[in-house]
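> Starting from the given sequences, assemble the full structure and let the hints guide the process.
Protein chains in written order, with the working numbering: chain A, 445 to 529; chain B, 11 to 165.
Simulated from the structure, these hints should not be mistaken for laboratory data.
Only a predicted model underlies this, so the values are computations on that prediction, with no experimental measurement involved.
Hints are not guaranteed to be accurate.
In silico lysine-lysine, DSS-like type, Cα no more than 30 Å apart, as pairs [stated by the list, open to error]:
| no. | chain 1 | residue 1 | chain 2 | residue 2 |
| --- | --- | --- | --- | --- |
| 1 | A | Lys-495 | A | Lys-448 |
| 2 | B | Lys-27 | A | Lys-495 |
| 3 | A | Lys-448 | B | Lys-134 |
| 4 | A | Lys-458 | B | Lys-27 |
| 5 | B | Lys-50 | A | Lys-458 |
Residues from chain A that face chain B, not an exhaustive set, calculated with beta carbons under 7 Å [claimed, not checked]:
| no. | residue |
| --- | --- |
| 6 | Ala-453 |
| 7 | Trp-454 |
| 8 | Tyr-489 |
| 9 | Gln-505 |
| 10 | Pro-525 |
| 11 | Val-526 |
| 12 | Thr-527 |
| 13 | Gly-528 |
| 14 | Gly-529 |
Quick reminder that beta carbons are idealized off the backbone N, C-alpha and C, glycines included.
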Amino acid sequence: MGVKLLYFAWVREKTGLGEETVDLPDHVQSVADLMDWLKGRGPEYEAAFEKAEVIRAAINQTHVPHNASISEAREIAFFPPVTGG
Amino acid sequence: MIRVQQEDFDISAEIAKLRSGRTDIGAIVTFTGTVRDTAKGEPISEMTLEHYPGMTESELERIEQDAHARWPLQDSVIIHRHGPMKPGDNIVLVVTASAHRQAAFEAAEFLMDYLKTNAPFWKKEVGPDGGAWVDARDSDDDALKRWDNASKAAE
Chain A
445 MGVKLLYFAW
455 VREKTGLGEE
465 TVDLPDHVQS
475 VADLMDWLKG
485 RGPEYEAAFE
495 KAEVIRAAIN
505 QTHVPHNASI
515 SEAREIAFFP
525 PVTGG
Chain B
11 MIRVQQEDFD
21 ISAEIAKLRS
31 GRTDIGAIVT
41 FTGTVRDTAK
51 GEPISEMTLE
61 HYPGMTESEL
71 ERIEQDAHAR
81 WPLQDSVIIH
91 RHGPMKPGDN
101 IVLVVTASAH
111 RQAAFEAAEF
121 LMDYLKTNAP
131 FWKKEVGPDG
141 GAWVDARDSD
151 DDALKRWDNA
161 SKAAE
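Given below as structure tokens:
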């Protein structure tokens, strides 16, 4: 079963899409693994995840660190540090 | 009560709703965030706020519940707008109500500090050189740290 990926703000602009559903290979276990895997999907992704350390992630709409496991993820979002308020 | 909406809000109407039918409130604090007309010395003609529908609402509800767990609040309101805005427009409203002023003042600051660092909103400002995403400020993270002791005590 695929997992839904969402991108916001400049991550969205760089990947060129707001959301997509992907089938992940077994070796992609954590958020950090997923960002590495995404980088290999083309120049847009490479540009979007170039500064992976500044990108924040959420699994199932909850903030998570990069070492979080994605095994229970239905929805994973990537975005810059938030700037609301 | 939390609300995420594109349209503007009416501060007086929100306070009136909150006070309606009750006389136990002794203090009401409001904070309104608005669009500034400059960024880093450059004029701003427009600002757009993007958000993460679904997560935005759940984060705001979580933040509001945290505030109610820490202070004796009688009620609270968080309204955050998204979409295109102009300088001078309202962005966010926080209202806190309590029997005595200290809880309302502190909870309003806490709500804004948590909202700024946790609610999934992103600002893009349009100036003479085009659009630019606003960078997160270290001072917002620092502002959050002052609640650390309180949060540890509450856990």
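> For each hint, tell me whether it holds in the structure or not.
Hint check results:
1. With a CA separation close to 22 Å, the supplied pair Lys-495(A) and Lys-448(A) stays within the 30 Å bound.
2. Between Lys-27(B) and Lys-495(A), the direct Cα distance comes to roughly 46 Å. Violation of the 30 Å bound is thereby established for this hinted pair.
3. At most 30 Å may separate the alpha-carbon atoms for a hinted pair to count; Lys-448(A) and Lys-134(B) meet this at roughly 25 Å.
4. Only pairs whose Cα atoms come within 30 Å are accepted, and Lys-458(A) paired with Lys-27(B) is rejected, the gap being roughly 43 Å.
5. Restraint check: the Cα-Cα separation between Lys-50(B) and Lys-458(A) comes to about 24 Å, which is no more than 30 Å; the hinted pair holds.
6. Checking Ala-453(A) against chain B by beta carbon gives a least distance of about 4 Å; that is within 7 Å, so the hint holds.
7. Hint on Trp-454(A) holds. Least Cβ distance to chain B is approximately 5 Å, under the 7 Å limit.
8. The restraint placing Tyr-489(A) at the interface with chain B is violated, with a minimum CB-CB distance near 18 Å, outside the 7 Å limit.
9. Of the supplied interface hints, the one on Gln-505(A) holds, with its beta-carbon coming within about 4 Å of a beta-carbon of chain B, less than 7 Å.
10. The restraint placing Pro-525(A) at the interface with chain B holds, with a minimum CB-CB distance near 3 Å, inside the 7 Å limit.
11. Because the beta carbon of Val-526(A) sits about 6 Å from the nearest beta carbon in chain B, less than 7 Å, this interface hint is met.
12. Interface restraint check for Thr-527(A): the shortest CB-CB distance to chain B comes to about 4 Å, inside 7 Å, so the restraint holds.
13. Taking 7 Å as the C-beta contact cut-off toward chain B, the hint placing Gly-528(A) at the interface holds, the least distance being around 3 Å.
14. Satisfaction of the interface hint for Gly-529(A) is found here, the shortest Cβ-Cβ separation to chain B being roughly 4 Å, below the 7 Å cut-off.
The structure shown violates the earlier hints numbered 2, 4, 8.
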